[in-house]
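Keeping their order, the protein sequence lines are chains A and B.
Here the first sequence is numbered in UniProt numbering, starting from 1 and rising by one per residue.
Here the second sequence is numbered in UniProt numbering, starting from 1 and rising by one per residue.
Calculated directly from the structure, the hints in this document are not laboratory data.
Every residue, glycine too, gets a C-beta built ideally from N, C-alpha and C.
Keep in mind that a hint or two might mislead.
[Unchecked claim] Derived BS3-like pairs (lysine-lysine); straight-line CA-CA distance at most 25 Å: (1) A/Lys-181 to B/Lys-234; (2) B/Lys-149 to B/Lys-89; (3) A/Lys-234 to B/Lys-149; (4) A/Lys-300 to B/Lys-149; (5) A/Lys-39 to A/Lys-89; (6) A/Lys-234 to A/Lys-181; (7) A/Lys-427 to A/Lys-300; (8) A/Lys-288 to B/Lys-172.
[To be verified] Residues from chain A shown here face chain B by an in silico Cβ test under 8 Å; the list is partial: (9) Gly-108; (10) Ile-230; (11) Gly-250; (12) Cys-365; (13) Pro-368; (14) Lys-427.
There are 2 protein chains.
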Amino acid sequence: MSEKKRRRADPGPSGPTAATKKSRARGSSHAHDLRKQLKPDSEILASLRRMYDEAQSAAASSSKTLTLSDLNLSSACREVSDCDASSVKLAIERAILDIARSILAGRGFSFDVPSRSASNQLYVPELDRIVLRDKSSSRAFANLSTVRKATITARVLSLVYAVLLRDIHVTKRDLFYTDVKLFQDQSQSDAVLDDASCMLGCTRSSLHVVASEKGVVVGRLVFTDDGDRIDCTKMGIGGKAIPPNIDRVGNLESDALFILLVEKDAAFMRLAEDRFYNRFPCIIVTAKGQPDVATRLFLKRMKAELKLPVLALVDSDPYGLKILSVYMCGSKNMSYDSSNLTTPDIKWLGVRPSDLDKYQIPDQCRLPMTDQDVKAGKDLLEEEFVKRNEGWVKELESMVRTRQKAEIQALSSFGFQYLTEVYMPLKLQQKDWL
Amino acid sequence: MSEKKRRRADPGPSGPTAATKKSRARGSSHAHDLRKQLKPDSEILASLRRMYDEAQSAAASSSKTLTLSDLNLSSACREVSDCDASSVKLAIERAILDIARSILAGRGFSFDVPSRSASNQLYVPELDRIVLRDKSSSRAFANLSTVRKATITARVLSLVYAVLLRDIHVTKRDLFYTDVKLFQDQSQSDAVLDDASCMLGCTRSSLHVVASEKGVVVGRLVFTDDGDRIDCTKMGIGGKAIPPNIDRVGNLESDALFILLVEKDAAFMRLAEDRFYNRFPCIIVTAKGQPDVATRLFLKRMKAELKLPVLALVDSDPYGLKILSVYMCGSKNMSYDSSNLTTPDIKWLGVRPSDLDKYQIPDQCRLPMTDQDVKAGKDLLEEEFVKRNEGWVKELESMVRTRQKAEIQALSSFGFQYLTEVYMPLKLQQKDWL
């Protein structure tokens, strides 16, 4: 773009209020300096390609990722894995057969259900995930305190079996509505569904019970959704909605050099409209806030199959980091499924507390942190996944100290396209992530 | 599907609790009777085609829709319309020129801003929309009580001009962040943005300031999103995310016989996975709850260009109807933009209060209405758009009387695919909508 057009269009330095003019002009001239630091795209691309090659060869040399059995933990810990419909059906049939045998042997009707309580959870640093220990409890039919749950468990297993037979997918809400009188409350059928997942050793998505999707993807990715070939460079600005059922997703192909994980849809829209992925080949994905299961599964799948580095663009506040932690380490109430839902090794590109000064984000775009924000920040400093990364600790400490936060949108104060034209390219050029 | 497979898969009648067995079996046998009432698809399709032809010829004979000027209200009322970027730029230039002239003539610097308050709103039954009366107020720079708002107005106009010059789209949040010191609070820049829209006579989307999208679409529709051709029959189960910027949407083509507007994403997923649109050619769209502006614009656009009947599938509760009302009549705080956002003539297909008995929805799937629900229902009975439709009044009265509500998912109690295999086909066969 010509300098003239850029200047004319840049809304930064032409404000009407005299008072703000000086500070804005200073911030804006700094923004201009940063723009001049940008090297030609070809140089940035060459450096990105080296990073890509490293990620590919690292993935090739460590031919498999570490598992519980590598750590001799497979008997002491429990995880679930993705299974195809016929394996899940077989697992259900086996469970029912075991019960039949137990009844015939005079030992009665009882399920052996893994405990999912916090006391049975374990953070494994080598895996960088939370997993379940092996504690389990008996859920007997002939016992007043467990008869209800045993009945619900049998019902849920039979419903899942019916869903798998039909080869369809349903939501947790659908499942609940098939027997409201028995389940009474959706939280009951939901909890037993998680139990069933642990019992059978299969992920919840293997059971064909899915959460509703809210994520979108755009950029250099081609995949099939239920057999339809989707080219994400041809999805306009709206992007492709991430499918709720990951087992219908297949044939991932990409010439991207990295995956850009974006917290918010406003930033996603900016990047999509500017077709950022054509300038720097990448796949852009967002869950529009708190990550849902479908988006986490989709990211994990892309990372595993395409072996691309993942860079994250989140707000500079404790919640931005919390969102990263959900993608990376999982949430506590689905710890049994952590290996299938988590994508370790996500790089924190920005917006980082140190960016606020580096990019001279104007004071009025920085927001004061509330006491609750500060507490959330301090809590994060105690988390294992933060402690392991010295750079993150420093950034988080500085956030808590300065009590300042900022949204990705704060970059708009230098012009609406500053994100795509200066901030992101400079970040990529300087490999400025942690 | 063979009767055998269906029976095996139907989770309805094989529950483990003896107590619920009888009532469930009764409901399920009724469900089975309804299934037998279904005629061959070819007959249902022929009747749908007649409905489609009627809609097309009705649209052709009333070659234009009623406008304010047809009712001699154009001088007394105010509406905005979709304008292209160059007309909006021209309108801004004219507004600024007018002010320059006013200053030169010694009358000072002042904006004439239409009032958007409730007292200036008018429901026009002929249009079935809320519009603005012509009251406006002067926003002078040389007046302590209006100087701030006048300054903000000038700033917003200049920002919108910059966005249009660049031919990009931004969010309200982006706009706010370009001058936090001046705007102080996003509600202030948002409000002035609506003012600017009224002043210029252009819709907010014409100003290229967009809301984030959350809607998805799937089915018999082909369109272009920012130049990319999107075939919505090839969007898998996830569907295509509806673009935030309607002005980049074009070239709509369809062989659908109707549009199916769905309140919730769970029902959307069921319909998409079962590829319902291949059995009954239709376009399926959802905003996943409360309709956002992008989805409303998209629906309006489809209805206007394709002239298809619109059938709505919502929960049987007051909020289901409220959602319909937003699609049909608009929301009060954007009444100046009602003609561009609203799609009148949406048919209420279900789930209606009378469906609960007709389809013998089991008692345990009906939920008691709270006092707040009942109040919301009674409030709706006072609304013009309900009063005009006798069938709606009856249904709503029965809902308030029985104090029962039900979600779309309640149909899952007869099997997960009851919605797509029995309920929807029977509704279409019987033309059972109001």
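Each hint, compared with the structure:
Between the alpha carbons of A/Lys-181 and B/Lys-234 the distance comes to roughly 39 Å, so the proposed pair goes past 25 Å and is violated. For a cut-off of 25 Å, the pair hint linking B/Lys-149 to B/Lys-89 stands: about 21 Å separates their Cα positions. For a cut-off of 25 Å, the pair hint linking A/Lys-234 to B/Lys-149 is broken: about 42 Å separates their Cα positions. With a CA separation close to 48 Å, the supplied pair A/Lys-300 and B/Lys-149 exceeds the 25 Å bound.
Under the criterion of a C-alpha separation no larger than 25 Å, the hint pairing A/Lys-39 with A/Lys-89 is inconsistent with the structure, at around 57 Å. For a cut-off of 25 Å, the pair hint linking A/Lys-234 to A/Lys-181 is broken: about 47 Å separates their Cα positions. Between A/Lys-427 and A/Lys-300 the CA atoms are separated by roughly 24 Å; this keeps the pair inside 25 Å, and the hint holds. Of the pairs offered as hints, the one joining A/Lys-288 and B/Lys-172 holds, with about 16 Å between alpha carbons and a cut-off of 25 Å not exceeded.
Checking A/Gly-108 against chain B by beta carbon gives a least distance of about 16 Å; that is not within 8 Å, so the hint is violated. Hint status for A/Ile-230: holds, given a least beta-carbon distance of 7 Å to chain B, under 8 Å. Against a cut-off of 8 Å between C-beta atoms, the interface hint on A/Gly-250 is violated, since the closest Cβ of chain B lies about 10 Å away. Taking 8 Å as the C-beta contact cut-off toward chain B, the hint placing A/Cys-365 at the interface holds, the least distance being around 5 Å.
Look at A/Pro-368: its Cβ only gets to about 13 Å from chain B, farther than 8 Å, so that hint breaks. Interface hint at A/Lys-427: violated, since its Cβ lies 19 Å from the closest Cβ of chain B, which is beyond the 8 Å cut-off.
When the structure is compared with the earlier hints, violations turn up for hints 1, 3, 4, 5, 6, 9, 11, 13, 14 and for no others.
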